[in-house]
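Turn these sequences into a full structure, and let the hints steer you where they fit.
Under the UniProt record's numbering, think of the first position of the sequence shown as 1, with each following residue one higher.
If you're looking for bench data, these hints aren't it; they were derived computationally from the structure.
What you are looking at is a predicted structure, and each value in this text was computed from that prediction instead of being measured.
Any given hint could turn out to be false.
Quick list of the computed label-pair ranges, beta carbon to beta carbon [what the hints assert, rightly or not]: (1) K45 x D71: 31 to 39 Å; (2) R77 x K97: 28 to 36 Å; (3) R46 x E172: 23 to 31 Å; (4) Y96 x I29: 14 to 22 Å; (5) N91 x R25: 17 to 25 Å; (6) K152 x V78: 40 to 48 Å; (7) V178 x V158: 44 to 52 Å.
BS3-like mimics (lysine-lysine), calculated; alpha carbons at most 27 Å apart, straight line [said to hold, decoys possible]: (8) K212 x K20; (9) K162 x K146; (10) K93 x K152; (11) K212 x K128.
All C-beta atoms, glycine included, are put in the ideal place defined by N, C-alpha and C.
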Amino acid sequence: MSYDINTTLVLETIEQTDKKVYKARIADIKDDCLYFEMPFNEETKRIEAPEQGIKLRVWFQTPDKTKAYFDTSVLGRVQENIAMLIVEKPNSKSIYKKQRRDFVRVPAIIEAALEVITKEGPIKIICKTEDISGGGFSVKFNSSIKLQTGQKAKVWLVMPKKNKKIAHATGEAEIVRVRYPEDSRHLAWASFKFTKIMEGDRSKVIQFTFEKQIDLYGK
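Set out below in structure tokens:
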């Protein structure tokens with residue numbers, strides 16, 4: 001469970017009201033410091049570096065395809081052959097594999113737009129979610145719309161945040177369950193799993209679910 005020079009890591013700000021997600025490649029490792037090439041902001045798609053003192057949660061993919069995490073802080077920047085961001089190097093014992101608590105679904109009613117691919121062509125649906133997690137979501141929709149398990153969809157989600165800002169996430173998903181009511185006047189229900197989503201967008205969803213868990217359960 002380690003990393004090396006040229007490993008690309010994801011850096012997420014913590015203890016910040018407006019969470020930011022970056023990707024950066026390790027350029028050098030010296031003593032107690034990691035030197036990154038200047039990070040790339042996943043949302044703005046621009047090169048951008050967090051300020052000195054900012055706390056970060058960093059993760060990378062291990063050979064067994066799981067994610068390893070550690071927490072660190074920004075020590076500063078340096079200009080050598082290239083501009084680099086310096087962060088504190090973690091102790092090997094502080095690197096951990098995070099349990100998939102991120103993917104626990106929480107009740108949440110937010111706006112969702114779907115474009116479901118069918119044999120007859122795409123069906124566009126504006127609806128509300130019933131629950132959501134980093135791994136997927138479920139929605140209620142008009143029962144006159146006929147959907148089937150296995151159908152693919154493009155997804156747009158609108159998530160109101162505690163700071164009164166709006167976070168948007170897009171991706172692709174697959175229907176894993178569909179349930180229709182006996183009475184057609186009632187809404188139908190479908191559960192989706194994400195099949196393709198940028199890590200920056202997934203992080204927004206996970207952050208939103210954490211905030212909802214705190215609101216709902218106080219933890």
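Hint by hint, here is what the structure shows:
The beta-carbon spacing between K45 and D71, approximately 26 Å, falls outside the hinted interval of 31 to 39 Å. Hint check: R77 to K97, Cβ distance near 30 Å, so the stated range 28 to 36 Å holds. Separated by about 24 Å at the C-beta atoms, R46 and E172 satisfy the suggested range of 23 to 31 Å. The hinted range of 14 to 22 Å is satisfied by Y96 and I29, whose Cβ atoms lie roughly 19 Å apart.
Separated by about 22 Å at the C-beta atoms, N91 and R25 satisfy the suggested range of 17 to 25 Å. With their beta carbons about 46 Å apart, K152 and V78 fall inside the hinted range of 40 to 48 Å. A C-beta distance of roughly 23 Å is found between V178 and V158, which places it outside the suggested range of 44 to 52 Å. Distance restraint check for K212 and K20: the Cα-Cα separation of roughly 19 Å lies within the 27 Å cut-off, and the hinted pair is therefore satisfied.
Only pairs whose Cα atoms come within 27 Å are accepted, and K162 paired with K146 is rejected, the gap being roughly 35 Å. In summary, the hint linking K93 to K152 is not supported, as the alpha carbons are separated by about 41 Å, beyond the 27 Å threshold. Proximity of K212 to K128 is assessed by CA-CA distance (about 16 Å); at most 27 Å being required, the pair is judged to hold.
Hint check: violations occur at hints 1, 7, 9 and 10; the rest are consistent with the structure.
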